[in-house]
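Residue numbers (the working numbering), protein chains in the order written: chain L, 1 to 366; chain A, 1 to 479.
What the hints contain is simulated information worked out from the structure, not anything from laboratory work. Being a predicted model, the structure only gives us computed values, none of them experimental. A hint or two may mislead.
[What the hints assert, rightly or not] Listed next, the in silico DSS-like pairs over lysine-lysine satisfying Cα-Cα at most 27 Å (straight line):
#	chain 1	residue 1	chain 2	residue 2
1	A	K216	L	K10
2	L	K216	A	K433
3	A	K283	L	K306
[What the hints assert, rightly or not] Coverage of chain L stretches by chain A, computed from C-beta distances (three or more under 8 Å per stretch; other residues unrestricted):
#	segment
4	48 to 58
5	153 to 166
6	203 to 210
7	354 to 362
[Said to hold, decoys possible] Restraint-style ranges between C-beta atoms, simulated for each label pair:
#	chain 1	residue 1	chain 2	residue 2	range
8	A	E397	L	E120	49 to 55 Å
9	A	R342	L	L334	49 to 55 Å
10	A	P217	L	K216	50 to 56 Å
11	L	R16	A	L19	36 to 42 Å
The beta carbon of each residue, even a glycine, is placed where N, CA and C say it ideally should be.
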Amino acid sequence: MNRGSEPVLKGKLSARISAFQLFCLLYLSRVFLALSKTGAQGEQGFTLSSALLALAVDMLLGFAVMLPFLLYMRGRDGGLLENAHALHPAAGRIVGLLFAVPSFYYCAETVYQFGLYYREYIMENTGTLIVAFLMALAVSYAAFMGLESVARMSFLVLAVSVVTFLLIGFGAAGNYDPIYLRALLFPVDGVWKQAMDTFGYFFDLLAFAVLYGNTKGGRGHSFVWSGVLGTATVAVLSVMVSAALGDGFISRVSFPVHTLAGISELSIFQRLDAGYLVCWTLLSFVRGALYGFCAYRCLYYAGGAKRAVPVFYLFAAVLTVLCSLFALVGNAALAASTLFQNGLILTVLLVGTPLVLFLLERGRRA
Amino acid sequence: MEQLSEQLQENIEELRGRLRGTSDFVVREMQVGTVKLAVLLCEGQFDLKAVGDILIGPLSKLPSGTDVQRWLRERSPLFNGYTETQDIDTLLLFLMSGFACVLMEGCGTCFIAGFTGFHFRSAGEPSSEMNERGSREGFVEPLRINLSMVRRRVKNEALTFEIINKGTKSHTDVALCYMKSTVSESILATVRQRLKGIDLEYILDSGFLEPFFEDKPTSLFSTVGTTERPDVLCGKLSEGRIGILVDGTPFALIVPHLFVEHFQTFDDYSHRPFFATFLRWLKYLSFFVCTLLPGLYVGVTVFHPELLPSDLLLNIIASEQNTPLPMVLEALVIHLFYELMREAGLRLPRPVGHAIGVVGALVIGDAAVNAGIIGSPMVMIVALTAISSFVIPSLYESTLLLRFAFILAGGLAGLYGISVLCGVVLVNLCSLKSMGVPFLSPITPLKTAGLGDTLFRRSWTNRRNRGVPVQDMTGVEHE
Chain L
1 MNRGSEPVLK GKLSARISAF QLFCLLYLSR VFLALSKTGA QGEQGFTLSS
51 ALLALAVDML LGFAVMLPFL LYMRGRDGGL LENAHALHPA AGRIVGLLFA
101 VPSFYYCAET VYQFGLYYRE YIMENTGTLI VAFLMALAVS YAAFMGLESV
151 ARMSFLVLAV SVVTFLLIGF GAAGNYDPIY LRALLFPVDG VWKQAMDTFG
201 YFFDLLAFAV LYGNTKGGRG HSFVWSGVLG TATVAVLSVM VSAALGDGFI
251 SRVSFPVHTL AGISELSIFQ RLDAGYLVCW TLLSFVRGAL YGFCAYRCLY
301 YAGGAKRAVP VFYLFAAVLT VLCSLFALVG NAALAASTLF QNGLILTVLL
351 VGTPLVLFLL ERGRRA
Chain A
1 MEQLSEQLQE NIEELRGRLR GTSDFVVREM QVGTVKLAVL LCEGQFDLKA
51 VGDILIGPLS KLPSGTDVQR WLRERSPLFN GYTETQDIDT LLLFLMSGFA
101 CVLMEGCGTC FIAGFTGFHF RSAGEPSSEM NERGSREGFV EPLRINLSMV
151 RRRVKNEALT FEIINKGTKS HTDVALCYMK STVSESILAT VRQRLKGIDL
201 EYILDSGFLE PFFEDKPTSL FSTVGTTERP DVLCGKLSEG RIGILVDGTP
251 FALIVPHLFV EHFQTFDDYS HRPFFATFLR WLKYLSFFVC TLLPGLYVGV
301 TVFHPELLPS DLLLNIIASE QNTPLPMVLE ALVIHLFYEL MREAGLRLPR
351 PVGHAIGVVG ALVIGDAAVN AGIIGSPMVM IVALTAISSF VIPSLYESTL
401 LLRFAFILAG GLAGLYGISV LCGVVLVNLC SLKSMGVPFL SPITPLKTAG
451 LGDTLFRRSW TNRRNRGVPV QDMTGVEHE
């Protein structure tokens with residue numbers, strides 16, 4: 001059997017996963033945020049209480065933003081891309097292209113974060129390009145394997161992640177100082193601004209929209225639970241980091257959970273940063289593969305939903321170039337991040353697309 | 001299809017011509033009254049005493065005028081199988097399977113009587129699957145004896161055998177075994193279809209058929225199981241799996257086959273649950289050790305020495321600082337030497353085989369370390385890896401290649417390379433399916449009912465431990 005044949009790849013593009021697997025994918029995507037930023041990055045004078053509230057606001061905003069999409073999809077078969085394509089092939093191409101751009105960015109951003117972590121903490125002398133290039137290849141391979149494979153893997157990574165977080169949490173218990181948690185009692189200030197600044201980090205909204213048609217039943221529940229539990233996990237990790245390293249730590253340092261793992265000691269495991277490293281790599285891999293698959297799928301519809309094999313090669317080439325660009329030109333990553341960070345593009349896509357499609361369908365029926 | 005003629009000599013000449021004058025083609029011509037007949041046999045395939053006592057002897061003593069055809073049909077219950085044919089190809093197939101074929105002058109039909117009596121190895125303990133408890137009986141080469149072993153253990157009308165002839169030149173008998181009450185009809189249909197599509201000329205081992213039942217024959221992990229034990233096959237049949245037995249080989253194929261089955265042995269079900277669970281976890285640990293340990297050792301000592309305890313690090317430095325080869329090369333070379341010795345030990349005659357152990361101990365364990373070519377920690381790593389790989393022999397081929405890959409990944413990129421390769425291997429494993437059943441079931445996709453025989457072994461008194469039919473695993477498309 002030819003693994004790269006058109007029917008095989010088309011089958012992988014339309015493969016179906018369970019609601020639980022969708023939950024795992026969305027949860028891991030959201031938790032990734034905690035390992036790189038903990039949701040309170042870069043703002044001076046920001047308190048832990050404000051950061052936690054901002055997380056909750058972002059979660060609720062996410063639910064609100066997805067409401068038009070869920071209302072549009074009610075009673076329809078397939079997903080947004082399929083419905084757009086069914087309405088008109090041109091609509092399918094436009095929607096595919098519009099969703100492909102942020103998907104590519106989110107995938108490349110994940111690879112960039114992955115490389116950044118390695119350069120800063122693990123192998124300072126490693127070439128940035130080789131790390132990004134190899135990871136881009138690995139992610140492309142995972143996307144080629146299909147959504148089912150990535151979804152099955154996500155459950156295993158979820159289990160590894162939960163165990164790792166628990167071990168880090170218990171291991172760092174000796175370093176928790178309640179005095180650092182006094183920040184929870186500080187007045188809340190600038191919550192809305194913080195929430196707006198970080199809303200764009202919640203890429204899982206896009207993944208949900210793209211993979212809606214690939215999921216069997218219970219999709220809404222998966223989305224809500226992944227949002228709630230994912231936000232709760234980010235919040236707990238933020239509190240743990242603050243309790244062990246100080247309130248200002250999470251707003252000053254990238255990858256704070258790595259530092260927390262470095263000071264965690266647990267019996268025979270000694271330092272837990274090696275375990276964190278494995279967890280981080282697997283989590284990055286799954287997240288990158290998730291958005292890589294989303295990008296491939298969107299690109300397939302952008303190409304008219306005809307040829308899966310050449311679209312895959314195009315996807316792999318674009319992803320590799322983008323990841324290499326981010327690795328070589330740090331400003332490129334920063335510029336793209338500024339563009340997507342506040343979530344405006346994401347919101348316009350997720351709210352505007354179902355609305356426009358709905359109006360077009362009404363117009364057609366009329 | 002060429003038919004037999006009514007002329008006896010013409011038939012005999014035709015058969016001699018088809019068999020190209022082979023020396024093991026035996027023709028016993030005789031006459032009963034005015035009727036000339038011939039008994040055709042393949043030397044070495046038939047039971048000489050039985051043929052003489054039951055067929056040839058009584059035939060030669062038949063009075064003149066006896067209706068030989070009717071006599072043969074009445075006597076057929078004494079034969080070990082009886083049939084009639086007018087087709088030469090069918091006659092040849094039965095002849096070469098050890099049947100006696102009787103031809104008569106003036107009759108275009110051949111009367112085939114079963115007298116198979118070829119020599120075969122007696123059923124002994126299978127060398128590839130040793131168990132502490134459980135039967136000492138393993139499959140042998142003749143197919144029908146293997147089928148009888150299965151039937152003896154499962155006296156159930158639902159147990160079904162389907163015998164098919166495959167191999168365009170070898171005409172090998174292949175049997176499908178399944179429980180009609182438990183098997184998935186769609187999986188069975190797929191197996192039949194794949195078997196029908198096999199167009200090999202010679203089928204000399206079940207391994208020849210194995211790639212035809214895999215969706216990805218090039219994958220590192222096989223999605224077709226094998227066993228040499230009839231009790232294991234019966235256990236698998238009860239879970240809805242299908243067994244494929246091939247005449248001439250004691251190894252049965254089993255589909256669907258899941259990854260977790262590599263860590264299950266028949267002994268687990270005879271031991272107490274807590275001990276069986278302990279052994280399962282030992283096997284899971286062994287898998288990780290034999291696959292990852294050499295790569296981790298190389299990766300951590302070269303790229304991340306700060307992760308090691310200081311005492312251990314100092315010992316490693318002391319051992320490795322005088323060795324001439326880089327760590328990754330040292331690991332590759334020493335593992336290669338070990339594989340050379342293992343392969344040599346496998347092929348050597350038994351009287352000489354023990355020499356391999358002596359040579360191995362001297363070459364690797366002593367001389368190489370004393371000469372400063374390799375460090376003693378590396379010898380420990382090789383030993384631990386080898387022992388771990390023997391705990392799960394069915395995964396030896398896969399873990400061997402992965403081991404080398406992880407050594408390279410660790411040596412080139414440290415924990416980063418190992419982690420990325422782990423991700424790639426994991427996604428590859430997750431993509432595999434065996435006859436439509438996800439290969440990593442019941443772990444992912446999760447099927448909690450199946451976990452009772454995966455992560456731990458529930459007691460037989462627990463009603464939930466009655467096994468989950470393989471087609472009921474999560475992720476399987478139901479018919």
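Just pull the numbers of the violated hints for me, sorted ascending. Violated: hints 3, 4, 6, 7, 8, 10, 11.
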